[in-house]
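All chains, please: the whole structure from these sequences, using the hints.
This is what each chain is made of:
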Amino acid sequence: MKDLFKIFVLITVLFSTEQLFAQTERDKVEALRVTFISKKLELTSSESEKFWPLYNEYNDKIKAIKRNLRQSYNRKGLNASNEEAEELYQLDIQSRQAETDVHKQYSEKIKTIIGAKKIVKLRLAEEEFKREIINSIKEKSE
Amino acid sequence: MKNIHLVFNFKSALICLLFFIYGAITAQTSFDSLNIKSPKHYFNTLIVMDAYRKPDRAFKDTIPPINKRLKSYGIKQFNLSFHIPLYTKDIKETDGAISNVHLLLTGNYLALKPVFDGLSQHKLVKAGIGLRFIYNTGRKGLWFFEVSPFVTHDVTYPSRPYYRLASSAIYSYNFSDKLNMRLGVTKSFLWGNRLYLPFIGFRIGRLDKVNLSIQFPRCASLNFPFKSKYIFSVYTKPQGGMFNFSNHDSLYYKKTDATFHFARYEINTGFRFDVRVSTHFNFYMASGISSRNNISFYSERANKGRAGIYSTYFFTKDIAPSLYFNFGLVFKFGKTKSFYNNRNIYDAIDLNNTMGQNNGNAQIPLTPKKKSDYNLKSVQDLVDYNDF
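Just so you know, the sequences run in chain order A and B. So the first sequence is numbered by this note's numbering: it starts at 190 and just counts up by one. So the second sequence is numbered by this note's numbering: it starts at 185 and just counts up by one.
None of these hints come from the bench; they were simulated from the model. Any given hint could turn out to be false.
[Claimed, not checked] List time: in silico EDC-like cross-link candidates among lysine to aspartate or glutamate, alpha-carbon distance up to 20 angstroms:
id, chain 1, residue 1, chain 2, residue 2
1, B, K438, B, E484
2, A, K252, B, D240
3, B, K561, A, E236
4, B, K553, A, E317
Here is the structure:
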């Protein structure tokens with residue numbers, strides 16, 4: 190039992206490394222964004238129960254597409270051969286198309302739940318949050 | 185003319201349908217053609233290690249004589265439990281709601297060392313594996329079913345293992361984010377006997393904010409989350425179980441019985457502090473007063489043929505209240521689908537937690553304090569470079 194305890198203490202230390210804290214930061218930002226949007230939208234209880242599962246699914250897809258593209262650029266990017274560059278180019282086009290498709294598909298679904306007015310509010314809230322982030326980063330770098 | 189009109193209508197409907205299906209497929213395909221792997225489940229794989237200690241209490245009574253044999257009573261307990269999501273399916277309803285089913289594999293290994301100064305040290309093990317089925321209607325309700333067979337065994341001395349089954353069926357209804365009620369039935373050994381109990385739950389307050397939760401027969405707690413990393417709780421809950429006990433020390437006068445049952449329960453009232461160290465690791469500490477302590481020894485033979493509770497015991501004793509200490513580590517593995525503000529998934533996580541590990545709802549995200557120092561790495565999914 191003591192050996193088992195030592196193993197778990199070791200795992201605990203490994204699980205608390207800095208790299209994992211970076212993930213926590215990302216989660217925090219996402220939680221803040223959701224809270225921000227939630228306040229701006231003022232959804233009713235029945236709107237809320239249908240909206241958030243759909244909106245989370247939409248965000249997961251958009252983020253996955255962006256992350257996939259970013260990681261591909263980071264992996265091959267500057268040292269890409271002609272063939273790899275062509276692949277990256279195709280991936281870039283496909284990713285942007287996929288983003289548009291997902292955006293359209295989910296916007297239509299979300300519109301049936303919260304209506305066009307609140308969709309506009311949603312986009313404005315997303316933009317406002319983004320602006321807050323950008324301003325904060327800009328201020329920090331000055 | 186009428187027929188032509190009908191054919192035209194049928195054709196146009198078919199074209200519209202094909203166009204719609206094509207549109208839906210291409211939207212899906214363009215995502216799928218990128219071959220992006222996304223998480224399948226809403227539940228993380230979770231492992232909880234829990235250590236519990238209650239100092240010894242000396243027995244002053246001499247009647248019945250078993251008191252004299254036992255001399256004192258204390259508890260050392262270690263519990264390792266886990267759940268793994270096996271299957272998750274989202275179902276898109278026509279009104280836009282997303283319902284889902286979840287199948288979880290649960291496991292539990294509990295090593296209990298009751299400390300009786302007059303007896304040799306026994307190690308009583310309870311090990312089980314179970315299945316949980318959760319159906320989230322995507323609207324206000326949630327169904328929860330659990331079967332959890334387990335075996336109890338005194339591993340220190342020769343004894344016979346005993347197989348038992350705990351189970352529950354519960355319906356949870358969210359009137360709103362801030363008000364929830366649960367009703368169901370549960371077969372539980374938590375109160376030191378084989379009991380069939382109603383499950384009645386009530387919660388005021390959001391699960392990620394300050395909330396009061398009363399979940400009979402499991403726990404009642406007042407929870408104060410703060411700073412997205414900490415939860416302070418004041419709670420009261422029963423703890424106990426039925427274990428097999430070897431008759432190595434000839435505690436039971438019928439020496440032909442190699443094994444009898446040791447049952448215990450107590451009500452723990454105290455405070456608990458949960459710390460979310462990182463995405464994958466949390467820990468908690470708890471302490472308080474253990475009251476309504478009771479231990480009993482049952483002969484299996486004397487209770488044979490009883491379908492309900494065990495009621496013929498050869499020793500039972502209420503023990504004076506004492507302090508207890510509890511410490512736990514929670515490990516989360518894997519990535520999940522996002523479920524921010526999805527109150528039914530929050531509720532599913534809470535129900536799963538209430539009926540099992542008591543892991544501090546490690547998966548439910550807490551709202552952090554407003555940040556003013558974003559870094560590029562943490563926001564790169566939200567901001568494009570050309571946004572600057």
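How the hints compare with the structure:
1. B:K438 <-> B:E484: Given pair B:K438, B:E484 holds - Cα atoms ~11 angstroms apart, limit 20 angstroms.
2. A:K252 <-> B:D240: At roughly 55 angstroms apart (the allowed maximum being 20 angstroms), B:D240 and A:K252 break the hint.
3. B:K561 <-> A:E236: Roughly 33 angstroms separates the two Cα atoms, so the pair is violated.
4. B:K553 <-> A:E317: It holds: about 18 angstroms lies between the C-alpha atoms, which stays within 20 angstroms.
In this structure, the hints that do not hold are numbers 2 and 3, in rising order.
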